[in-house]
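Just so you know, the protein sequences line up as chains H and C, in that order. Once you know that position 3 of the first sequence is 2 in numbering that gives the first Met the number 0, the rest is easy, because the numbers rise by one and skip nothing. Once you know that position 414 of the second sequence is 413 in numbering that gives the first Met the number 0, the rest is easy, because the numbers rise by one and skip nothing.
Worth flagging that the hints you see were computed from the coordinates, not collected in a lab. Note that the structure is a prediction, hence the values are computed from the model and not measured. Treat the hints with care, since some could be wrong.
[To be verified] Listed next, the in silico DSBU-like pairs over lysine-lysine satisfying Cα-Cα at most 35 Å (straight line):
#, chain 1, residue 1, chain 2, residue 2
1, C, LYS469, C, LYS212
2, C, LYS140, H, LYS13
3, C, LYS433, C, LYS267
4, H, LYS18, C, LYS414
[As the list claims (entries may be wrong)] Reference excerpt, derived from the structure (chain C facing chain H, CB under 10 Å, subset only):
#, residue
5, ASN121
6, PRO185
7, ARG487
Note that beta-carbon positions come from the ideal geometry of N, C-alpha and C, so glycine has one too.
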Amino acid sequence: MGEQNIEINEKVIKRLENKIIIQESYNLRTKELSDSQMIAKIKKMIEEEVQCYLNQ
Amino acid sequence: MLLESIKLHNFRQFRDESVSFATGKDGKNVTIILGENGTGKTTFAQAFFWCMYGKTEFTDKVVLNKLVATNMRPSQEESVSVELELKHGEVHYTLTREQKFKKEYSGKISSQNTIFDIAKKNTSGVTKYVEKTMCESEVKKILPEELSHYFFFDGERIDRMSKNITAEKKSTDFAEAVKGLLGLDPMISAINHFNPRSKYGVIGSYESSYDSKSNSKVQEYVQKIEQCNDDINKADQRISELEDNIEAAKTRKEEQEKNLKQYEEGRKLQDRKEKLTNEISAAEKTKSQLIKDVCDNFNYQFKSFFSISLIKRAMNFLDENDFSGKDIPYMHTKTIEYLLDQGECICGTCLQKGTTAYKKVHDLIDFLPPQSISTSVSDFKKQALLLAKNGNNLKASTEKSIESISIENDDIIDKQDEIRDIESRLSGGNVREKVRGINSEIQCCSKTISTCEKELEKNRINKGVAIREKERAETQRRELALLDESNRKIEIYIAYAKKIFNELNNEYETSEEKVRKALEENINKIFKEIYDGGLSLSIDSNYRISVSVNDYDGYVETSTAQSISVIFAFITAIIKMAKENKASEDEDSQLRASEPYPLVMDAPLSTFDKRRIQSVCEILPKVAEQVIIFIKDTDGELAENFMGDKISSRHYFEKKNEFETTII
């Protein structure tokens, strides 16, 4: 059993990448979230997107 | 960052003054502040810097107004403050720096540390104060100090900026700040948030969230991976330190090797100097010996020398008188004295005193021995001739010795002159000692390089081992994790997070190179518009700018006007690119859109000719979103002519006295 058992969807990756950069860009302007809040937000984005993909 | 207003209280010659700046709302983005020399333009420009970073370029660090200071009573306190309002992103900031001063009974003014406050008002209108400990890092996020010199531009200190922009070793902060301005900040920030080496990053925090209840081995692998991460971090940190040490040692070694070459000629001169010193010492010895010989000869032969005149006179006397045949052979004085005592000669003649016979016999004494007179005269003549010869020898030998001493003296003087010349070329000091010192430092650098390289290799091996162990532990953990539902999810999230992290890194590398190339093109384009010479600029991966003459391969020293043009080109290109990203319809460029920045320039035109002033005045307001320019009256007329339609507000500095300037 190895990494090949986890299938990674490229579209999900691309979508997440864009969302994360937009969020980072927005936060750099507004300074709304601290670093730890940003990390939590990114994790939430990943989990939601992955879960959504897995549920399909 | 756009500057909205500044308020100065007791800041040097500004008692209570404030200025609002053009922010480009009506299409006019230039604020021009005019003043004659000495009215305080530089001081006013420095107020921005003092407010943001607590520093000024003034030699006198007491920023309190001199009149206020003079009128203070003992123990009275007064304060200096600068309040800067600006907009950064969508947040309004009020930066306030205050410093209290107290007059001692001795009349001395003592100062306390500055107090810095930042108030942030967000889009919802809520104002929050930044914690004291976070104020500096908040300012760094707005405009890092390293980069601030380019935005708070001081034309009179252009030399230092020019050196800084082309400096061989640039700090990482500078490169990071430039990348940020070029819109790479969101990507850098995202990469930092994913950082797999940090326990608190996206990947790290997933790593620590495995559920070990179902299988204790999972926890064991998690700990193993954490340990490996620590080891990798430590190795990385040490590798970075060692690489810095090696770099520093190599730079120092190169410098010293260059120094050594310069001293090589000095070493030859030092050799020559030592040879001459030895030759002078030998000549001094020879000279001393010659002087001693002259003295010895003189002591031995001076009697002969000084007798020559007496001998001459004696010889003349002997030549004039004939003593031959006057003496009686074998007759002694005692015999004559006996006869005279007897009163009778052997011939029977009576020898009575006073008689002619007595006188004649008595006169014989003068010619009688010890030797006979002719023998004595003959001996005397022989000795006299010998003495005269010796006397003449002394003169000749003394003359010869004096000639030799004179030759040695001339030789010594010539050599001493040459030594003086060498010493002036060596500018004092012992070159050989310096060469020894340099050689020893080169050896020390080589040793450092060698030791560090060995340790570097060791750390790289250790890092490699830790990476392999980590990978092994990760595979084993993954195998176990996939057996459990909740851990399986974590494993999937980690796989996605790692993939995004790698993609972001690849994307960043490509974007950074693309952006750097674009920056280089823009800088060259703007530089050509401003300067229009046969020069090209290039930027390396550390954002160092080098100037080269087209069709010439080698280092070029730039003139002041060229240097200032390089800086203008650099900063306007950055601002232009940030602005273009913002205005672009391309999604990627939009994502890279960064903050607009102001250009606050003190005496920027003073080194330019009229044609270049026109170029600068036309380009700057077009490129920068906000221009605040401090200018002397003569340049002000030109600036008014060339960018009149962009000027929103004009302010004039009126000097009331040496300690007070007001703004109209």
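Hinted contact ASN121/C with chain H - closest CB pair below 10 Å: holds, 7 Å
LYS433/C paired with LYS267/C [C-alpha distance capped at 35 Å]: holds, 13 Å
Residue hint ARG487/C, partner chain H, criterion CB-CB below 10 Å: holds, 9 Å
Restraint check, 10 Å cut-off on beta carbons, for PRO185/C near chain H: holds, 4 Å
LYS140/C paired with LYS13/H [C-alpha distance capped at 35 Å]: Cα-Cα ~28 Å, so holds.
Straight-line alpha-carbon gap LYS18/H to LYS414/C, limit 35 Å: Measuring from Cα to Cα gives roughly 84 Å; hence the hint is violated.
Hint consistency between LYS469/C and LYS212/C [alpha-carbon to alpha-carbon, up to 35 Å]: Roughly 22 Å between the alpha carbons, so the hint for LYS469/C and LYS212/C holds.
Going through the hint list in order, the structure does not satisfy hint 4, though it satisfies all others.
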